[in-house]
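Participant: Listed in order, the protein sequences are those of chains W and F. Take the first sequence: its letters are residues 933 to 1353, numbered as in my numbering. Take the second sequence: its letters are residues 4 to 115, numbered as in my numbering.
The set of hints was computed from the structure by calculation and includes no laboratory data. A quick note: this is a predicted structure, and the numbers were derived from the prediction, not measured. Please note: incorrect hints may appear among the correct ones.
On the chain W side, residues computed to face chain F include the following (Cβ under 8 Å) [as the list claims (entries may be wrong)]:
| hint | residue |
| --- | --- |
| 1 | ALA1019 |
| 2 | ALA1038 |
| 3 | GLY1055 |
| 4 | PRO1063 |
| 5 | THR1085 |
| 6 | LEU1087 |
Glycine included, C-beta positions come from ideal geometry on N, C-alpha and C.
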Amino acid sequence: MNRTQLLGRLGGLVASAAAAAPFAWLWVLMMRNADDPLTAQARLDMAIWMAVFGAPWMLAAWLLWRAWWRQAGAQLSSLDGPGWLLAAAAATLPADRRDWGAAMAAELTQVQDRPARWRFAAGSARAAVFPPADSRAAVGITGALAVAVVATTALATGAALPAGRVFAPTFVGLLGGLVTLTVARSRRVGRAGPGPAVAGLALAGIAACLAATTYYLAEFPTYHRVHPAVTSTSLPPVTAVVLAVVLAGCLGLALTPPRWLVADRHARRFGIAMAIALVAGFVLDSRLVQPGLERGSHGLMDYLINGPLLVILTGSAAAAAVGRSFRSGLWAGAWATVVAAPLLIAAWLTEALRWDQVGRGLVLDGEGGLGVGANLGDAVWWPLVFLALWALPLGVLGAAAGSWRARRRRARAHADLAPTA
Amino acid sequence: MVAFRRPSGQVSTVILTLAAAPTTWRYGYELCQRLDLTAGTLYKVLMRLADRGLEETTWERDLPAGRPPRHLYRLTGPGRVLAGDLAAEPPAPPTRARPVGALGRRPRLEGT
């Protein structure tokens, strides 16, 4: 086994272990923080749940590593530290400046002295990550405008919607930062986007999510728990920041996605279809399946497990099979997550109002005795937890399965065409 | 005709260095060493000059096996005109006060 193969295998093991570590840590944390001493059966049950969620991640991390190593890793393994630094920085260059990354890398091969190599690589990396803007004035004006809008939003929200005083300025500030970064990094702000369907659906989801969140913050800023009797904030600061980061991230990816995410049209189409199917399934389950079940004992938690299993796994596999590549399935899963996240939060908040009207409790698990505002935190955390912990690795596994089928078909076709002796 | 702002000190230095031997192709690392600039500063200047049509670039040919081709730089016609203008300018006074009209002066160049 040569050095490249050894590094490839070691890297796969490290990637799998790194993916498993958070789940192991979570299990240990739950065991330590349990209020009552846990039985061996309870510990085993928890471990099985961690394994159910951790195993797809371990396998997905290994598959991702293997795909990356085949593509670029073997070449990168011949690089030293400065080479890695420069290669990583050059990968962030916009498409119209990619040649400059190659120019810097070629020039680095001429620098022999090790400290000088680090200095040259660090300087070049700085130029690659922050290439010159067309107009410094435009960057300065955009940045100043962003600061002014954030300050205005903070003042206006504090006066008109106190419950949103963390969420609104954080979201607007992140947007301002994204816009300033886009102006600073690219000569062509209007570079290729993901197409009107993806951008339109993502924007619609984000707008719906913002509208629903604003409504909840205005109407249900707090909720009351009967047992024990406490009043809680519907959108605590940490949840508000997470929601702002997710929405700003989705907006950024939908309007100015990285070039590697845009190229595959199969991935975009399948991503849209998967997002729509995921959200439609959620609404149908809420409206058609749940009313037929016993009141107060069910919620949509089951759908959060089964929905991605059905939609993301099969959708990514189909995308990879149609696009005949692992990447097609991978990017389809990524687009589905980006488009579905805000739509799912908006649908959750809308359905929660219906559930409250008919006295069905929380959308998550049907728990009663809480105000409708309790759904806001659930709507932010649970779709994200399931999309990140469950849907993303399923997307990777589906992509691997779909591309494996496509490779087998291709191999069979080649074998059929090959001349027989 | 395209308008250019008066280049900063570092941009002027790079332009004048490239203009010293206008037909010679230069390497990035060579320019870094000669001008004592960091790679970060130099490559930003080179990118900006190329964006504005003041510098042309090409990839090295006839290179030894096993080495990637290097990027080469030299001034274009408008770049040389700008270099001539910069060379003809008197050196900036040492104080911060500058004559009215000197700031923001835009040499106008043909052909870009």
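Participant: Hey, does the GLY1055 of chain W contact hint survive, CB to chain F under 8 Å?
Facilitator: This interface hint holds because 3 Å falls under the 8 Å limit.
Participant: Going by Cβ atoms only, is THR1085 of chain W closer than 8 Å to chain F?
Facilitator: 33 Å, violated
Participant: Should the interface hint for LEU1087 of chain W be scored as holding, given a Cβ-Cβ cut-off of 8 Å against chain F?
Facilitator: The hint is violated - LEU1087 of chain W has no Cβ within 8 Å of chain F, the shortest such distance being about 36 Å.
Participant: Would you check whether ALA1038 of chain W satisfies its interface hint, that is, whether its CB is within less than 8 Å of any CB in chain F?
Facilitator: Holds - the Cβ of ALA1038 of chain W comes within 8 Å of chain F, reaching about 4 Å at its closest.
Participant: Verify the interface restraint on PRO1063 of chain W: the C-beta must sit less than 8 Å from at least one C-beta of chain F.
Facilitator: Holds. Min distance 6 Å.
Participant: Min Cβ distance, ALA1019 of chain W to chain F: is it shorter than 8 Å?
Facilitator: Violated. Min distance 12 Å.
Of the numbered hints listed earlier, those contradicted by the structure are 1, 5, 6.
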